[in-house]
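These protein sequence lines are chains A and B, in that order.
So in this note's numbering, spot 67 of the first sequence is number 67, and the numbers just go up one at a time.
So in this note's numbering, spot 3 of the second sequence is number 3, and the numbers just go up one at a time.
Any given hint could be a false lead.
What the hints assert, rightly or not - Derived BS3-like pairs: lysine-lysine, alpha-carbon spacing no greater than 30 Å straight-line:
no. : chain 1 : residue 1 : chain 2 : residue 2
1   : B       : Lys38     : A       : Lys31
2   : B       : Lys106    : A       : Lys31
3   : A       : Lys31     : B       : Lys120
4   : A       : Lys20     : B       : Lys71
5   : A       : Lys60     : B       : Lys38
6   : A       : Lys31     : B       : Lys71
Claimed, not checked - Output of the computed footprint for chain A on chain B, the stretches with three or more beta carbons under 8 Å from beta carbons of chain A:
no. : region
7   : 34–47
8   : 92–105
Stated by the list, open to error - Covered, in the sense of this in silico footprint (three residues per stretch, anywhere, with C-beta under 8 Å from a C-beta of chain B), are these stretches of chain A:
no. : region
9   : 32–45
10  : 60–74
11  : 90–103
It should be emphasised that the hints constitute simulated quantities derived from the structure, not laboratory data.
Note that CB positions come from ideal geometry on N, CA and C, so glycine has one too.
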Amino acid sequence: MAERPEDLNLPNAVITRIIKEALPDGVNISKEARSAISRAASVFVLYATSCANNFAMKGKRKTLNAGDVLSAMEEMEFQRFIAPLKESLEVYRREQKGKKEARKDKDKKADSEEQDKSREDDNDDDDERMEEEEQNDEEEVDN
Amino acid sequence: MRGERPGPLRGGKMATRLSGGENRLVSLPLSRIRVIMKSSPEVSSINQDALFLTAKATELFVQYLASYSYKHGRGKEKNALTYSDLSHTAEECETFQFLADILPKKILASKYLKMLEKEKRDGELGKCDEEDDDEEEDDEAVDEAVGS
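Using the sequences and the accompanying hints, generate a full structural model.
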């Protein structure tokens, strides 16, 4: 998927903003320090992914899930992240649910039929899921 | 919203910022995080929650690495975060040890080339210059030991 090495970089502007939020006002961050942190962040992603994947494999699952990532944090000795992560995951899930319902409402209006086959565990797959879901939605509308 | 700076930000700028994007939960782009995760060959698929969590964790990591390095680094006196603060962290703090390979103690290429040249020359002339270099490195090490 990622063929060019720059695909593995994170956007500098965003990284810089995140660093600035963590430091007191007026601290100067050298350019070298920025790019070093950015590289470190990419490596962190890979490290976390590989740890999480080990947990998924242990559980004989093919898809990385939230629990795997949280276990990875613990294994990597970033326990301090776990509580804030759980918090934002909850907010995120609520947000996603809200979005989904908004979309469903739209579909209903188009179709005027009640089809509440709510897919609760649709967080189950990755990008393929999105496509699948789009198709399913269309099918439902067509019914 | 965390850490928005109370400094002399002009109202106009602030307003554009707020209207620009809704208060986002995560500022790193999920698509890019996914690409990085998928570049790992053994990973077959990632659910949306795991992707979100990894992105969020990366943000926390960036903040932690930056603030830790600043707090424990030498740049603090100069109100700056420098590369050597970061490589120092990677070397000294166990949690950040996995970064040691990508944040090596810095030596300038020019300096390294000079060292190589000197070594070549000194092969014939003796080794006093090389000793000079060693001393410089020792000094740095001492400074850092004091700094931490």
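In ascending order, which of the hints set out earlier in this document are inconsistent with the structure?
-> 3
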